[in-house]
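Undergrad: Now for the letters of each chain:
Protein chains: 2
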Amino acid sequence: MTTRSTTSKRGLTILDVAQAAGVSKSTVSLVLQGSPLIREETAQRVQEAAWRLGYVYNRQAADLRRRSSNTIGVVINDLANPFFTELLISVERKLVDAGYVVLMAHTHEDVDRQRKVLLSMREQNTAGLVICPAQGTPLTLPRDLQGWGIPSVIMIRPLGEGSYDFVGAQNSVGLQTATQHLIAQGHKRIGFLGGLSGTVYKERLAGYSKALKKAKIPLDEKLIISTKPNREGGREALTRLLQSKEKPTAAVCYNDITALGALTALGDHHLRAGSDFALIGFDNILDTAQSNPPLSTIDIHPAMLGEKAAGMLLKRIETPTIERQIFFSEPDLLLRQSC
Amino acid sequence: MTTRSTTSKRGLTILDVAQAAGVSKSTVSLVLQGSPLIREETAQRVQEAAWRLGYVYNRQAADLRRRSSNTIGVVINDLANPFFTELLISVERKLVDAGYVVLMAHTHEDVDRQRKVLLSMREQNTAGLVICPAQGTPLTLPRDLQGWGIPSVIMIRPLGEGSYDFVGAQNSVGLQTATQHLIAQGHKRIGFLGGLSGTVYKERLAGYSKALKKAKIPLDEKLIISTKPNREGGREALTRLLQSKEKPTAAVCYNDITALGALTALGDHHLRAGSDFALIGFDNILDTAQSNPPLSTIDIHPAMLGEKAAGMLLKRIETPTIERQIFFSEPDLLLRQSC
DNA sequence: CTGAAAGCGCTTACAG
DNA sequence: CTGAAAGCGCTTACAG
Chain A
0 MTTRSTTSKR GLTILDVAQA AGVSKSTVSL VLQGSPLIRE ETAQRVQEAA WRLGYVYNRQ
60 AADLRRRSSN TIGVVINDLA NPFFTELLIS VERKLVDAGY VVLMAHTHED VDRQRKVLLS
120 MREQNTAGLV ICPAQGTPLT LPRDLQGWGI PSVIMIRPLG EGSYDFVGAQ NSVGLQTATQ
180 HLIAQGHKRI GFLGGLSGTV YKERLAGYSK ALKKAKIPLD EKLIISTKPN REGGREALTR
240 LLQSKEKPTA AVCYNDITAL GALTALGDHH LRAGSDFALI GFDNILDTAQ SNPPLSTIDI
300 HPAMLGEKAA GMLLKRIETP TIERQIFFSE PDLLLRQSC
Chain B
0 MTTRSTTSKR GLTILDVAQA AGVSKSTVSL VLQGSPLIRE ETAQRVQEAA WRLGYVYNRQ
60 AADLRRRSSN TIGVVINDLA NPFFTELLIS VERKLVDAGY VVLMAHTHED VDRQRKVLLS
120 MREQNTAGLV ICPAQGTPLT LPRDLQGWGI PSVIMIRPLG EGSYDFVGAQ NSVGLQTATQ
180 HLIAQGHKRI GFLGGLSGTV YKERLAGYSK ALKKAKIPLD EKLIISTKPN REGGREALTR
240 LLQSKEKPTA AVCYNDITAL GALTALGDHH LRAGSDFALI GFDNILDTAQ SNPPLSTIDI
300 HPAMLGEKAA GMLLKRIETP TIERQIFFSE PDLLLRQSC
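Chains as they are written, first to last, in numbering that gives the first Met the number 0: chain A, 0 to 338; chain B, 0 to 338.
Some clues are possibly wrong.
A pair counts as met if it fits within one copy or between any two copies, since identical chains are not told apart.
[Claimed, not checked] Keeping only pairs whose Cα atoms sit at most 20 angstroms apart, straight-line, the calculated SDA-like set for lysine to any residue is:
hint, residue 1, residue 2
1, Lys246, Val172
2, Lys115, Arg92
3, Lys115, Asp143
4, Lys212, Thr139
5, Lys24, Leu63
6, Lys187, Gln46
7, Lys93, Ala302
8, Lys221, Gln242
Quick caveat, the hints were computed from the structure, so don't treat them as lab data.
For clarity, every value in this text was computed on a predicted model and none was experimentally measured.
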């Protein structure tokens with residue numbers, strides 16, 4: 000974190016370096032790019048001069064000239080949910096390690112905001128895009144992005160039938176596994192907490208239904224409580240369920256933060272997950288390992304999903320013509336203390 | 000999210016637009032910048048042509064020419080802590096609303112990674128920087144950034160005595176308030192959970208000591224458990240304390256996630272915060288409103304801090320010569336159920 | 001291995 | 001109000 004000259008001049012160009020090193024502009028450019036065309040000795044002299052002068056490479060200019068870009072846009076729907084933060088973290092890490100710098104935008108599930116940031120990233124000429132679409136994103140998005148010529152991968156929420164790179168989870172399988180586990184433990188009245196709409200919601204709900212059907216347990220609509228998929232929603236959902244006549248003895252959840260909220264509701268009623276009620280979450284966010292009590296959940300490996308998405312994008316940038324890439328992470332039942 | 004031409008050509012320039020609209024290049028440029036020099040009627044014709052062609056403004060080129068930039072770098076130390084995520088969210092929102100696009104980097108408390116991303120952002124020629132320094136960041140950082148000529152604001156963790164814009168919290172006051180509240184409730188043995196080192200740690204610990212001293216309660220080193228400031232750390236810290244001979248009846252925490260971990264430890268021992276033990280966190284992250292039980296905490300208004308930091312940076316960019324800006328958020332005791 | 005020259009897509013005085 | 005010209009800081013053939 001030290002520069003030779005404390006007040007390094009913006010405005011120093013390769014021409015200045017060239018002069019100082021006694022070579023031509025092009026030679027400096029080649030050296031800066033690590034070209035093997037330049038003699039080692041010369042390269043050293045140039046590097047040294049650049050350092051001494053406090054020269055700063057101007058990537059804007061280079062990118063303009065080469066018609067390239069080393070930025071990648073990452074747009075995320077909801078960072079209040081640690082699941083998406085974990086995704087962001089692993090995407091960012093992989094992209095930075097690959098030499099990119101990431102343009103990040105948070106949409107707050109706001110489609111209009113999303114539209115704006117995408118437009119803005121387009122003007123920035125990003126080399127690629129990884130996006131967790133906001134709820135209600137038009138299904139034309141993947142096609143639009145392709146029209147723009149920007150390599151993209153969509154995460155978590157599928158966007159219709161088009162041919163676009165995608166990374167997600169086996170939602171139905173995951174929730175089926177969770178529900179079956181509770182059934183195997185002897186539970187008959189099992190709630191489904193949280194979530195409002197969207198493909199992911201439908202898939203997860205389908206997994207729940209399927210497990211019940213297989214066990215010949217009739218599906219009771221009153222056990223499905225639809226709320227926003229966050230802590231408040233989970234708390235509210237379970238509270239409602241606990242006040243109903245035929246209380247359930249267990250519940251699966253749309254996602255982990257909903258389950259975390261449900262834990263709070265249990266506490267409100269002086270109940271404890273594990274001994275008094277069985278609860279299973281979905282995602283396996285880091286927080287669940289240290290919740291009160293630690294939450295059993297369906298692990299869809301958030302960090303791995305992010306890395307996968309970044310990897311796909313890098314491949315797509317490298318070879319734009321490769322065929323469609325899709326990945327669904329396999330859910331693993333992770334037993335802790337809440338069931 | 001629709002473009003007129005589905006496969007919009009990168010490679011369309013203002014020259015193409017000029018031709019299509021029957022005006023000169025400069026006129027198009029002026030229109031694109033919303034200059035009042037151009038007749039409304041002409042402007043419309045140009046806009047229409049740009050839209051029809053699927054023209055995309057090339058900000059790289061514009062920025063190069065004007066020697067400007069519309070990106071701002073945001074570098075964050077630890078997104079696994081929701082406090083910093085909330086900071087990031089509000090910083091990002093304010094910057095995007097001001098017309099910038101944000102280059103985001105996560106350092107994982109890794110000083111070396113931080114050095115690299117800062118170098119990279121410098122090459123990108125960012126208009127400014129807001130940074131939550133990684134633990135162990137050299138105190139020369141603010142001076143280096145000034146040397147680079149990049150307007151910057153430092154968040155949360157002060158970096159020595161230099162003259163740099165800063166946004167943080169009144170750490171000592173906050174922890175003193177929390178501790179005093181517990182004392183007022185009759186607690187005599189009060190633990191201090193989590194945290195390892197750093198200025199912030201020292202300040203918070205000082206607030207705790209001060210409150211004890213004021214109440215003439217001797218400080219017992221055995222009640223100060225130093226661990227990583229995260230959930231595991233908090234759980235471990237309180238577990239250790241609960242196994243000691245003279246158990247405390249209450250504890251304050253380095254931060255909220257530590258407190259959340261402590262809640263888990265309490266659960267492990269079939270204890271409940273509020274009735275069996277009094278616990279107060281620090282930060283007021285969103286999660287604490289729905290923890291089990293909801294956590295009393297010191298509210299330092301995370302979202303407001305982020306907005307403040309972004310606001311400072313915008314001002315600094317606008318007027319580089321204004322004098323030093325500093326802000327410390329006033330901590331408010333927020334009583335919920337954990338004490 | 002090195003140098004002179006053109007050009008990436010814009011903006012900005014400067015004339016008209 | 002509009003057009004011709006120079007230039008932002010690089011890269012990339014192309015000669016030598």
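Undergrad: Now, for every hint given, state plainly whether the structure supports it.
TA: Results of checking the hints against the structure:
In this assembly of identical chains, lysine 246 and valine 172 lie within 20 angstroms of each other by CA distance neither inside one copy nor across copies; the values are 26 angstroms within and 46 angstroms between. Taking the shortest alpha-carbon separations for lysine 115 and arginine 92, only the inter-copy value of 12 angstroms comes in at or below 20 angstroms, while the best intra-copy value is 25 angstroms. Taking the shortest alpha-carbon separations for lysine 115 and aspartate 143, only the intra-copy value of 14 angstroms comes in at or below 20 angstroms, while the best inter-copy value is 34 angstroms. Taking the closest pair of Cα atoms, lysine 212 and threonine 139 never come within 20 angstroms of each other, the shortest separation being 35 angstroms inside a single copy and 65 angstroms across copies.
When the C-alpha separation of lysine 24 and leucine 63 is checked against a cutoff of 20 angstroms, the pair qualifies both within a copy, at 17 angstroms, and between copies, at 19 angstroms. Proximity of lysine 187 to glutamine 46 under the C-alpha cut-off of 20 angstroms is found in neither arrangement, the shortest distances being 72 angstroms within a copy and 64 angstroms between copies. Within a single copy, lysine 93 and alanine 302 get their C-alpha atoms as close as 11 angstroms, which meets the 20 angstroms cut-off; across copies the closest is 28 angstroms, which misses it. For the homomeric pair lysine 221 and glutamine 242, the shortest alpha-carbon distance inside one copy (12 angstroms) is at most 20 angstroms, but the shortest distance between copies (45 angstroms) is not.
When held up to the earlier numbered hints, the structure conflicts with 1, 4 and 6 and fits the remainder.
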